[in-house]
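Asker: Sequence:
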Amino acid sequence: LELQHLFARLEFGRSSYEDPRQIVAALGLKTGEQQDVNEFNNLFLQLIDARLKATREPGLATLIDDEFKGTITHTITCQQ
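Residue numbers (the numbering used here): 1 to 80.
It is possible that some hints are incorrect.
[As the list claims (entries may be wrong)] Simulated pairs of lysine-lysine, DSS-like, Cα-Cα distance not exceeding 30 Å: (1) K30 x K53; (2) K69 x K53; (3) K30 x K69.
[Unchecked claim] Here are the in silico distance ranges between beta carbons for each label pair: (4) F7 x Q80: 42 to 52 Å; (5) R9 x D66: 20 to 30 Å; (6) Q79 x G13: 31 to 41 Å.
What the hints contain is simulated information worked out from the structure, not anything from laboratory work. Just so you know, even glycine gets a beta-carbon here, dropped at the ideal spot from N, CA and C.
Input sequences plus hints: build the corresponding full structure.
Answerer: The structure is reproduced here in structure tokens:
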């Protein structure tokens, strides 16, 4: 619900910024820790995934895995 409110405020609000405290509290994030976008994305998707799996609805329980799960590979190539 808080995510919907955040998107609505971003889309229709008159402010050029949004205070993240409400979404941070709703997600149970630690305010003393700084995260880059990848860390936040992973945490955010894990939280959503846990909530969706708790619904036990077949289409919702696997939504994150169906839409976002993949493999990340890092390759180091010697130039010499």
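Asker: Can you let me know if the beta-carbon spacing of Q79 and G13 is within 31 to 41 Å?
Answerer: 49 Å, violated
Asker: Evaluate the given range 42 to 52 Å for the C-beta pair formed by F7 and Q80.
Answerer: 49 Å, holds
Asker: Does the structure keep K30 and K69 at a Cα separation of 30 Å or less?
Answerer: Satisfied, since the Cα-Cα distance of roughly 25 Å is no more than 30 Å.
Asker: Are the Cα atoms of K69 and K53 separated by 30 Å or less?
Answerer: 15 Å, holds
Asker: Given a hint of 20 to 30 Å, does the C-beta separation of R9 and D66 actually sit inside it?
Answerer: Holds - the Cβ-Cβ distance for R9 and D66, about 29 Å, lies within 20 to 30 Å.
Asker: Sort out whether K53 lies within 30 Å of K30, counting only the CA atoms.
Answerer: 23 Å, holds
In terms of the numbered hints stated before, the structure departs from hint 6 and from no other.
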